[in-house]
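Visitor: Work out the full structure: start from the sequences and follow the hints.
There are 2 protein chains.
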Amino acid sequence: MSDYRAPIAEMRFVMDELAGFRDVAVQLPEFAEATPDMADAILEEAGKFAAEVLAPLNRVGDQQGCRLTPAGVVTPPGWKEAYKAFCDAGWNGIACPPDHAGHGQPDSLAVAVKEMVCSANLSFSLGPLLTTGAVEALLTCASDELKAIYLEKMVTGQWTGTMNLTEPQAGSDLALIRSRAEPQADGSYRIFGQKIFITYGDHDMTDNIVHLVLARLPDAPAGVKGISMFLVPKFLVNADGSLGARNDAYCVSIEHKLGIHASPTCVMAYGDSGNLGGGAVGYLLGQPNRGLEYMFIMMNEARLGVGLQGVALGERAYQQALAYARERKQGRDAITGEALVTIDKHPDIRRMLMLMKCRVEACRAMTYYTYGLMDRVHAHPDADERKRHLLLAEFMIPIVKGGSTEMGIDVTSLGLQIHGGMGFIEETGAAQHWRDSRITTIYEGTTGIQANDLIFRKLMRDGGETARGFFGEIGATAKALAAAERSELKAIGQRLGSALEAWIKATEWLGAAARSDLAGVLAAAVPYLHLAVTVCGGWMMGRAAFAAAAKLAAGEGDARFYASKIATARFYADQLLPQAAAYGETVQAGNAALGAVSDDLF
Amino acid sequence: MSDYRAPIAEMRFVMDELAGFRDVAVQLPEFAEATPDMADAILEEAGKFAAEVLAPLNRVGDQQGCRLTPAGVVTPPGWKEAYKAFCDAGWNGIACPPDHAGHGQPDSLAVAVKEMVCSANLSFSLGPLLTTGAVEALLTCASDELKAIYLEKMVTGQWTGTMNLTEPQAGSDLALIRSRAEPQADGSYRIFGQKIFITYGDHDMTDNIVHLVLARLPDAPAGVKGISMFLVPKFLVNADGSLGARNDAYCVSIEHKLGIHASPTCVMAYGDSGNLGGGAVGYLLGQPNRGLEYMFIMMNEARLGVGLQGVALGERAYQQALAYARERKQGRDAITGEALVTIDKHPDIRRMLMLMKCRVEACRAMTYYTYGLMDRVHAHPDADERKRHLLLAEFMIPIVKGGSTEMGIDVTSLGLQIHGGMGFIEETGAAQHWRDSRITTIYEGTTGIQANDLIFRKLMRDGGETARGFFGEIGATAKALAAAERSELKAIGQRLGSALEAWIKATEWLGAAARSDLAGVLAAAVPYLHLAVTVCGGWMMGRAAFAAAAKLAAGEGDARFYASKIATARFYADQLLPQAAAYGETVQAGNAALGAVSDDLF
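Chains A and B, in that order, give the protein sequences. Numbering follows the working numbering, in which position 207 of the first sequence is assigned residue number 207; successive positions increment by one, without gaps. Numbering follows the working numbering, in which position 253 of the second sequence is assigned residue number 253; successive positions increment by one, without gaps.
These are calculated hints, taken from the structure and not from any lab test. Errors might be hidden in some of the hints.
Copies of the same chain are indistinguishable here, so a pair counts whether it falls within one copy or spans any two.
Pairs of lysine-lysine, BS3-like flavour, derived with a Cα cap of 30 Å [said to hold, decoys possible]:
1) 147 <-> 225
2) 84 <-> 147
3) 505 <-> 490
4) 490 <-> 551
5) 387 <-> 147
6) 345 <-> 329
7) 505 <-> 345
8) 505 <-> 479
9) 329 <-> 490
10) 345 <-> 225
11) 225 <-> 329
12) 345 <-> 490
13) 48 <-> 225
14) 551 <-> 387
15) 505 <-> 387
16) 345 <-> 551
17) 551 <-> 48
18) 387 <-> 479
19) 387 <-> 490
Guide: Take a look at the structure:
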């Protein structure tokens with residue numbers, strides 16, 4: 001198993017050249033202190049922490065996983081200590097507001113720290129991810145009283161948070177939620193119901209856990225408009241902030257999963273033990289029946305966070321495969337004839353390594369770019385700019401989530417393949433990344449749900465205006481590249497231009513077919529998402545190549561690094577961009593084939 | 001977890017309409033008894049056996065795996081009994097020659113039985129696969145004396161066989177093999193060395209195991225031309241056929257693998273314990289220094305067998321995903337508005353199911369077709385026909401092996417995806433198929449090795465003549481489809497024609513670049529393989545649609561089944577064939593991008 005080294009130079013390049021971090025301190029007063037020097041210091045520290053504390057625990061977490069004991073869930077050896085060190089160093093609240101003990105860093109900086117944590121140890125990263133999601137929910141809709149009791153402890157990581165959406169009958173379809181909440185005389189509620197797939201629903205790292213639970217009030221309307229959100233602590237909290245009675249919220253089993261073994265996935269029973277005389281004590285968050293709406297506010301960032309996981313796993317797998325390929329000797333060099341060479345000399349291994357590298361870099365750029373948009377959404381002084389950036393960010397989110405997670409599965413698979421037979425042996429560690437990646441296209445909305453979100457919400461809601469603006473930007477990049485002097489840029493520009501055309505044509509087809517061939521549009525959604533991902537990735541790579549060429553022309557910085565950016569972008573253009581046309585054709589095939597398939601033809 | 005049901009109607013269709021089984025009994029005197037009735041009876045029996053005996057053990061095999069004890073490897077509960085029943089029913093030697101206790105069935109019939117066994121329980125299937133491979137080696141090159149002692153016992157399955165190629169330093173590169181053989185006065189040899197990744201290297205199902213071991217004689221030339229093949233039994237065999245001394249051939253550890261947990265993957269030590277005074281007793285097979293050549297004769301069938309595994313796992317995953325999708329209710333029907341429907345009604349789930357179905361069917365047809373060619377290779381009365389079929393079969397084998405195994409990974413992944421969060425839970429069983437599939441693109445030659453084999457051996461050795469003949473056949477099918485009356489056939493024919501053009505163009509580019517851009521050709525090999533797979537699959541689906549339309553026109557057989565064949569072919573044409581052009585572009589991009597990537601740019 002290889003070590004992890006945070007790719008700081010690459011991260012800084014993407015942040016500055018592609019994700020607008022360079023301008024954050026200037027444009028957004030809230031982030032005036034997020035200077036390049038500050039970023040360097042933070043990323044170096046975070047990189048050390050990820051490599052030295054978190055990465056070494058990734059394997060033991062996979063092998064030993066979590067255990068459910070009568071006293072609750074026990075995390076793997078070392079987990080508790082690592083979590084304490086993580087919180088003590090302040091990483092948990094890096095992007096949380098300073099007035100609640102956070103560090104108030106912009107997303108376009110925090111994203112790099114988060115990537116490192118995910119690369120080093122995905123199972124570990126999920127606890128803080130869920131906690132900061134819950135923090136955001138509380139910021140959005142909790143009463144001042146609840147904020148005062150819970151927020152600071154969650155921002156510092158002293159207590160963790162969970163999200164309780166899924167029930168056995170209600171997965172992608174949350175309208176089917178049955179958990180219920182009974183109002184009490186004191187203004188609190190009693191919660192009854194079972195929730196499944198609750199990440200870090202129980203653990204031994206903190207002395208309290210704050211569950212956010214979706215449930216129905218009596219007489220709530222049926223469907224998604226009758227769901228409210230409740231805060232249900234594991235231990236009740238006394239007025240002085242000390243812990244009180246054990247609440248009736250228990251983990252009753254944990255799942256035996258394909259991957260992320262060290263992240264406990266809990267079945268939670270609320271109000272089932274009766275230890276408080278019936279029901280778990282809960283507190284309404286925000287207004288009745290608006291729970292799903294609040295959940296969707298968090299969902300944006302949660303989905304971005306999962307997209308980032310795809311990038312992080314791809315990066316880790318790439319580093320490991322590269323290290324292996326540089327060590328393993330096998331076969332003759334087909335070009336030079338040298339007798340026994342390391343396998344990184346074989347063209348097909350190089351192809352796979354470059355495919356991994358360029359796909360990770362394209363998705364990293366898309367992801368960081370979108371986090372950069374979120375900074376403007378949160379902190380731009382101009383309301384119109386906030387709105388414009390929100391529309392664009394929301395357009396990008398399903399592309400980032402769907403694209404980066406599918407990429408993560410493909411790239412970790414290539415990493416395994418490069419190891420040959422050794423890749424299939426668990427001790428090598430390559431298989432773990434592949435197994436861990438497999439959940440990312442499912443949780444926080446499957447790839448199919450991202451694709452529907454892209455088409456039916458993000459694309460169509462403004463009649464395609466956001467998309468057209470975006471196409472215009474990509475087209476301008478393609479033109480500038482095609483007009484550049486360097487032959488690599490020209491080649492990239494041409495391929496990007498053709499790929500963009502395919503995306504535009506497919507989008508026009510969707511617009512026309514939305515009424516006449518709804519089934520065809522629905523069936524075309526995922527191929528359309530792949531098309532969007534392919535072109536967005538190509539745009540990012542083209543922008544990267546352009547920026548790198550400018551640095552080289554100016555004689556600035558590390559020439560080797562910039563040459564690598566251009567070569568990687570060219571490789572992406574040759575290997576990935578031609579697929580855009582194929583996806584476009586598939587989209588436009590519509591429902592012709594599927595429409596003929598009645599249920600009994602399967 | 002779903003049950004397995006052998007898709008007999010589909011198998012018979014492929015055998016008869018696409019793989020030439022219908023003509024076997026007529027064309028090939030050796031197989032005169034392989035009539036349709038015989039096939040029906042055999043497939044029905046085999047289907048029952050696979051479903052009732054083997055499939056139920058698939059899960060326990062995954063969960064419990066094998067254990068190494070001081071007495072040797074212990075297989076999971078039920079394994080021994082199932083293996084005995086398998087041998088008693090005669091399945092082990094179904095395609096082996098009758099004069100050695102085999103059943104002498106043609107490959108184009110036996111392939112369906114083998115698919116069932118692999119679908120039901122891949123881990124189980126590997127023992128018989130290796131045994132029949134060893135049988136073939138003995139038929140090719142063993143002395144009459146060795147044949148008399150070993151063959152019948154291996155054909156009936158009373159003893160199993162293994163292949164010992166890999167050593168820690170010698171994986172894809174067998175030139176690096178170090179195991180050695182010392183000649184003894186009595187004509188036998190003593191073998192010394194360590195072998196890894198030995199499938200079923202030890203187990204408790206039979207009282208003897210016959211290892212075929214690659215090793216070097218003293219003074220053998222370096223490299224692949226100095227490797228000989230030896231037969232090394234676990235127990236020596238006395239003249240009367242009874243078992244003698246324990247040979248010095250021991251399993252010293254078993255691997256902890258990502259999948260196929262119930263197939264013991266052994267590290268074998270030969271001549272290390274010294275219990276026979278130094279070395280394991282072995283017998284030379286065939287002539288000195290020709291071991292690799294013999295191994296490659298077997299390799300053809302072994303690679304086809306692994307391709308078949310991809311089909312088998314895809315089929316199993318498809319059946320399971322379909323059963324789940326028909327049961328799981330979630331969400332509203334987007335077309336009819338029905339409130340709560342089973343998820344197989346959602347267009348994106350239908351798309352995934354159809355993608356699984358059409359890709360499995362295309363690969364099944366390619367695989368059975370190639371087994372059908374092998375029947376002609378083995379048994380055609382005309383020598384020229386045998387040779388012609390051999391060239392074509394050898395051209396197809398890397399396409400089948402590379403294509404079907406990559407398909408298997410993709411399709412089992414889709415199966416998992418359709419299960420949503422449940423797919424990530426091991427108890428569901430969907431994840432096992434995905435994990436099991438992951439070895440198939442690695443063993444018996446990685447996808448990269450298949451691609452090189454396709455280009456540098458199968459394509460170029462006759463100056464592309466075999467390929468051109470094959471293109472002609474595909475072109476004729478495309479034309480016939482395009483000229484048909486049914487609109488679906490027309491559409492398929494047009495797409496097949498365009499895809500074929502892309503393949504021809506890429507092939508011409510390869511021919512031209514082979515000298516001028518060798519690195520580019522090597523880097524383009526895998527995309528070229530994907531291109532070939534895509535078009536071959538399209539050809540098979542086109543032929544299937546054509547045959548089905550003829551049946552419908554004649555009013556013969558099950559109209560629902562034939563309608564499904566046409567719809568599935570159309571779906572393949574719309575969804576898969578457009579990718580041919582993209583692969584073609586990538587091939588022809590050659591080394592432009594990769595050539596600029598020096599080692600320090602990764």
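Visitor: Against the structure, test the hints numbered earlier, and report the numbers of the ones violated in rising order.
Guide: 9, 13, 14 and 19
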